[in-house]
Amino acid sequence: MTESAAAPARTPEAEHPLRAVVLAGGLTFEREVSLSSGTQVVEELTRAGLDAELRDADAELLPGLAASPADAVFIALHGATGEDGALRAVLDLAGVPYVGSPAAACRLAWDKPAAKSVVRSAGITTPDWVALPHSTFRELGAGTVLDLMVARLGLPLMVKPASGGSALGVQKISRVEDLPAAMVSCFAYGDTVMVERYVEGVEVALAVIDLGDGPQALPAVEIAPESGVFDYTARYTPGLTEYHAPARIADDVAARAAALAVRVHEVLGLADLSRTDAMVTPDGEVHFLEVNVSPGLTETSMFPMAVEAAGHDLGDVIAQLLAARAGRAR
Amino acid sequence: MKSSEIRALFSVVSRPEVVSLAGGMPAVTALPLDAVGSMIGDLVSGMGAQTLQYGSGQGDPRLRERICDVMALEGITDASPSEVVVTVGSQQGLDLVTRVFVDPGDVILAEAPSYVGALGVFQSAQARVRHVAMDDDGLIPEALEEALIECRANGDRVKFLYTVPNFHNPAGVTLTEPRRQAIVALAEKYDLLVIEDNPYGLLGFEHEPLRALRARNSERVIYLGSFSKTFSPGLRVGWVLAPLAVREKLVLATEAQVLCPPSLTQYAVARYLDTQPWREQIKLFTELYRERRDACLESLSALMPEGTTWTRPDGGFYVWLKLPSGLDAKLMQPRAVNALVAYVPGIGFYADGSGQEYMRLSYCYPEPDQIREGVRRLARVIEAELDLHSTFDAVDTGTFRAVRPGADGGFTGSGTIVGPANSNAYEGGR
Numbered sequence: 001m002t003e004s005a006a007a008p009a010r011t012p013e014a015e016h017p018l019r020a021v022v023l024a025g026g027l028t029f030e031r032e033v034s035l036s037s038g039t040q041v042v043e044e045l046t047r048a049g050l051d052a053e054l055r056d057a058d059a060e061l062l063p064g065l066a067a068s069p070a071d072a073v074f075i076a077l078h079g080a081t082g083e084d085g086a087l088r089a090v091l092d093l094a095g096v097p098y099v100g101s102p103a104a105a106c107r108l109a110w111d112k113p114a115a116k117s118v119v120r121s122a123g124i125t126t127p128d129w130v131a132l133p134h135s136t137f138r139e140l141g142a143g144t145v146l147d148l149m150v151a152r153l154g155l156p157l158m159v160k161p162a163s164g165g166s167a168l169g170v171q172k173i174s175r176v177e178d179l180p181a182a183m184v185s186c187f188a189y190g191d192t193v194m195v196e197r198y199v200e201g202v203e204v205a206l207a208v209i210d211l212g213d214g215p216q217a218l219p220a221v222e223i224a225p226e227s228g229v230f231d232y233t234a235r236y237t238p239g240l241t242e243y244h245a246p247a248r249i250a251d252d253v254a255a256r257a258a259a260l261a262v263r264v265h266e267v268l269g270l271a272d273l274s275r276t277d278a279m280v281t282p283d284g285e286v287h288f289l290e291v292n293v294s295p296g297l298t299e300t301s302m303f304p305m306a307v308e309a310a311g312h313d314l315g316d317v318i319a320q321l322l323a324a325r326a327g328r329a330r
Numbered sequence: 001m002k003s004s005e006i007r008a009l010f011s012v013v014s015r016p017e018v019v020s021l022a023g024g025m026p027a028v029t030a031l032p033l034d035a036v037g038s039m040i041g042d043l044v045s046g047m048g049a050q051t052l053q054y055g056s057g058q059g060d061p062r063l064r065e066r067i068c069d070v071m072a073l074e075g076i077t078d079a080s081p082s083e084v085v086v087t088v089g090s091q092q093g094l095d096l097v098t099r100v101f102v103d104p105g106d107v108i109l110a111e112a113p114s115y116v117g118a119l120g121v122f123q124s125a126q127a128r129v130r131h132v133a134m135d136d137d138g139l140i141p142e143a144l145e146e147a148l149i150e151c152r153a154n155g156d157r158v159k160f161l162y163t164v165p166n167f168h169n170p171a172g173v174t175l176t177e178p179r180r181q182a183i184v185a186l187a188e189k190y191d192l193l194v195i196e197d198n199p200y201g202l203l204g205f206e207h208e209p210l211r212a213l214r215a216r217n218s219e220r221v222i223y224l225g226s227f228s229k230t231f232s233p234g235l236r237v238g239w240v241l242a243p244l245a246v247r248e249k250l251v252l253a254t255e256a257q258v259l260c261p262p263s264l265t266q267y268a269v270a271r272y273l274d275t276q277p278w279r280e281q282i283k284l285f286t287e288l289y290r291e292r293r294d295a296c297l298e299s300l301s302a303l304m305p306e307g308t309t310w311t312r313p314d315g316g317f318y319v320w321l322k323l324p325s326g327l328d329a330k331l332m333q334p335r336a337v338n339a340l341v342a343y344v345p346g347i348g349f350y351a352d353g354s355g356q357e358y359m360r361l362s363y364c365y366p367e368p369d370q371i372r373e374g375v376r377r378l379a380r381v382i383e384a385e386l387d388l389h390s391t392f393d394a395v396d397t398g399t400f401r402a403v404r405p406g407a408d409g410g411f412t413g414s415g416t417i418v419g420p421a422n423s424n425a426y427e428g429g430r
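Each protein sequence line maps, in turn, to chains A and B.
Sequential numbering of the first sequence, starting at 1, is according to the numbering used here.
Sequential numbering of the second sequence, starting at 1, is according to the numbering used here.
Read the hints as simulated data drawn from the structure, not as lab findings.
A hint or two may mislead.
[As the list claims (entries may be wrong)] One-sided excerpt, in silico: chain B residues whose CB lies under 10 Å from chain A: (1) 14; (2) 15; (3) 331; (4) 383; (5) 385; (6) 399.
[Said to hold, decoys possible] If you only want the chain A side, here are some residues facing chain B, beta carbon under 10 Å, derived: (7) 30; (8) 137; (9) 176; (10) 180.
None of the values given here were measured: they were computed from a predicted structure.
Where is the CB? At the ideal position from N, CA and C, for every residue including glycine.
Chain B with its partners taken away, still in its complex shape (with noise of 0.2 Å):
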């Protein structure tokens, strides 16, 4: 089945019917929508001179104050707004930055599995991205090393190792504070600059945010921030904190790309963080999304048949299930769509082609009803799914030979039987 097969069972997503485990859309409707809407009609009415105007490539000099505001909650407490650049969502950022350092041919290190749309960025640099592994406890540094060392072997240049280290997506895992040390003393050793991708990491359910990579090293470390999570991803609104000298060439990135971010919606987060309770409201998210995924867990433990396994996050958005052996999530999708039920199949989050046997199930948006309900499908679908392997699994073709002689499978036209087995207009020569 190809990507544009999968885009076809998708659109299927839309409908009510489904309850979709596949998108990773924040619930915005817990925002305070009026608050909000009338804070950007005054933005208009009353600042529309300054909101609906061209601004700043580097971003508006009050947002950036406001985002190392933001970041010193993870510990980052020395960042200086001349070096944040506001970008169009993290994922401008993200790509800002591969094209400032990404020739055609260099390697990417990249957790396995990744986030998808770092791939896409990836690949349009015709970048080739090495697979790292991680566990429950989010990157391996040991595998991290033997990458290096492999690369090196190989004469390979490795320009950056991209990680999400909080809630990961698609993993939903989180890197230890052991890790973070050992990661960041990996970078030193290994002259290894690292794009730490954190969209999610205020948004956790158990405990206080863990620092940043890029609070223990300030060099080496290069942080994308995002309000999609936080506050809301219509908004656009996305940074890159970054040493001054890289600062200046993705001012100029940034520039050629998109000329500024669009004024309006800086002004409307920096007016949200100068006058809403924003970190009130990052706490009732983190509760909305605490509930839905307690419902996500409950219902996978009492329902996912013998082999299913999937790792327990503890804040952002994601479970990440694996199979029982033998299943494909991508060949399983159509009986899923068929069944009501959406995930994101696994092989979207490798840059190899692997990873046919896991799935990314959402529980941000979905109601804890409906999660539970998605679940209930999705088990039934899997059950089906072994039972059609418990089927064609370990077939020994080739072996039976009891055709009678003279019905042999050469085409002889219209005499030969074959006739559909369930009509009563079977037919020819038998």
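Looking at chain A on its own, in the form it has when it is part of the complex (with noise of 0.2 Å):
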């Protein structure tokens, strides 16, 4: 970690520190990882200089943030509501700056086929896929459409929820006769599942950042499951996943792994910071999997770890985001 040159952030016209609400929590199953996000971010924060607050995105948040406002809000919230965009959108009807991506992006974002959908359209490299709601299979018939997946897709397949994170609920499938538990399964994470050929490489995240001058990409982290698959248990147990930031991959592929993930960003609108997941595969192309606007920051999250692999302090670049939030609006 590199040490700070900067003096710690403060609002333009104010001498005060700046005061920074970081949301964390939610009600949904993601609320312990962004608990520890949350809690990561404002110990950072407090480091860099600022005075920063956990909050949970809760019935007190909007008449505490009315009774004392913040100069910039950080959203720490993982899953719904803190990614899908609809917190984003109240911010906004608040009035209320805060850092990352604007709600459309999210709700584009969060819709992981329909983000697919995007990236596809602008020549970005990803694995086939299928998503589709129970009804699909209960008015078709669940065995016909699961056999076509199969003819289409191939086997291994990846199983996971069409929105969400932290990879609950995925599940890497390698027998036909594995899928309909795998779709039990996933359909109790939400309405609609989705199932992608299973792609075999190196698994890399791909962080982003904007600080003010266009969108840079950080190194590559490369992730390696000890099970293989990079599921919940692999990611957040410590030791069960080993990582190597900048990931080892050839210096060429590095270049095409970054310009894909600033594209991703790009296209799919986002701002400030964004983590798009890869599969690097032998063969030296990149494939998009999916991209989070609001990235783990936890210890074991990839995304401190590119900021650190850059040569960042993770305190201060949160902290020149909220400032040149807090500087400018919306």
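Dock the two chains into a complex; use the hints.
Here you go:
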């Protein structure tokens, strides 16, 4: 971690330290991860000289922000509300500046199949997929539809909820007879399941930040789960996954991965920060998997690793993003 | 879904929007909090030299006397304070007993299902748990005998039977009088030690407490008691009643672990028993829990889909619910959290990975209206899950081959279909 040369972030017209409210928690499966992220951000911001406070996204939030306004808000909420654009739309209504992507872009990125469509339309490679609601299987016959999926997409398949993060509900399925149970399990997380062709390769997390000079990719973080699949347990149990930052990939591949992440950030209309998850195949091709508008910021998260690998300080980066948002209207 | 995912789901339970039928938290706000507060304040201001000091490893003698008075309510009239070891909750008592008796690889017999906190203790002692079947009348003596014979035939060292005879956690059932006699007789016949864990015994709704197993045999039964449900779990005061030879080892073990149980909370419990109407308070608790149990059972009867069954506890905190065939309580949990209702999946109460079709519902903490709303939400979750299963269960995959020639599953890059079925950006080489 580099030492910060910057003075503590301050609002342009005031001497008091910039007051930041960090939103974490929420009412989703990812509450625990979000609280870890938020706590980490508050610690980093406090170290960077800001007046940072952690708050949940609950009924107290808006009255609290009205009574004691923040210079800017940092959203460390994962899952719905925090990432689907809804909370950001409400902050827009309330005129509260916040770091991160605007509501409409979040709504698009949150819907993994829709985001993949947009990304593919922009010429970016992404594994083939199909996304279907439960009603389609019920009406057309589950066996028939599942067989079609396998015939078209092959095996193994990745089965994942069409929205949501932290790899909750994600499964790799190698046998057709395991698909029905996987569908039952995955539909418990949401109404639509996305089934995606499995791509063998090295999984990388590609962080992008925009400190005012346009989106810049940070060094790729390579993910090497012990089990071979980067599921929830592998992601949040220390020691079950090895990370390499920067990733152990050739320079030209790393450059293509970086360009892909910046392009994804741009075509989806994202702002300030994002993390694209991608797979690098043995032939060096980079496949877009999904993008996260509120990347995890826990001690085992990839975004902070990328920031550190780039020689930045996480607290300084977030403080700069907050200061920029505090100083200009959205 | 792994345990870490379950923890993640449970983090949502703290939000007020969620009706939690998961945690077994006693309704401590029903205590006379002002009286307890001034009582504890007096203990510090008036007796700080004792209450803030180290104490005896075995526990405060005055408290041990009062513990004997409490146990007499369940027929244990021959207990001596010298046989009592005060512990940090009965959980520490169980840990001590397990440390004293169990070596890695030993077998512990426990009801199916069994208290999850006990299974954790047994697991850390590297014991093997052999579950014994129970029904609405509690542990089945014939099943216990069968297990003992089987273990002997296998050459397994059975160290003890662990049982929660009253208002079982999680099953909610109570061991009947005839079965109590039968279990004690089997213990004598097979030279079996019994660990009787009895945190809920005084919280019966329908009848006076049944005589404890320990009241029937003082040599083969080690009794674990607790003030967590009758007074306060936050004070962490429990106890073990054991024959003197065992007690000696327990005291040595507890001194190695914690030196002594906390003095202040021991004094608090003793003072509470001396000065507060604790028997009336227990009646107040049971009335409150009975009302909540009634709300839970009435809602379950009115709302649960066909094929769902549950126990009818006549005391304690828990209902044990069995889902319709094929449903898995753990896999269903994300849907339940989405619907803002929480329960504990049954699988945690089995050491052998079974119990998928069960869940534990706790009625002790939410108000009756919240319980009704929680059961309403749960019923909808189960109905949705049944609908999902009707689509995917017994699906015959691998038979449909009506894919057009040339559209095989080989990976051909961006030229192959497949796009989102619900998107107008659907593209590719159809």
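Unsatisfied constraints (hint numbers, rising) = 4
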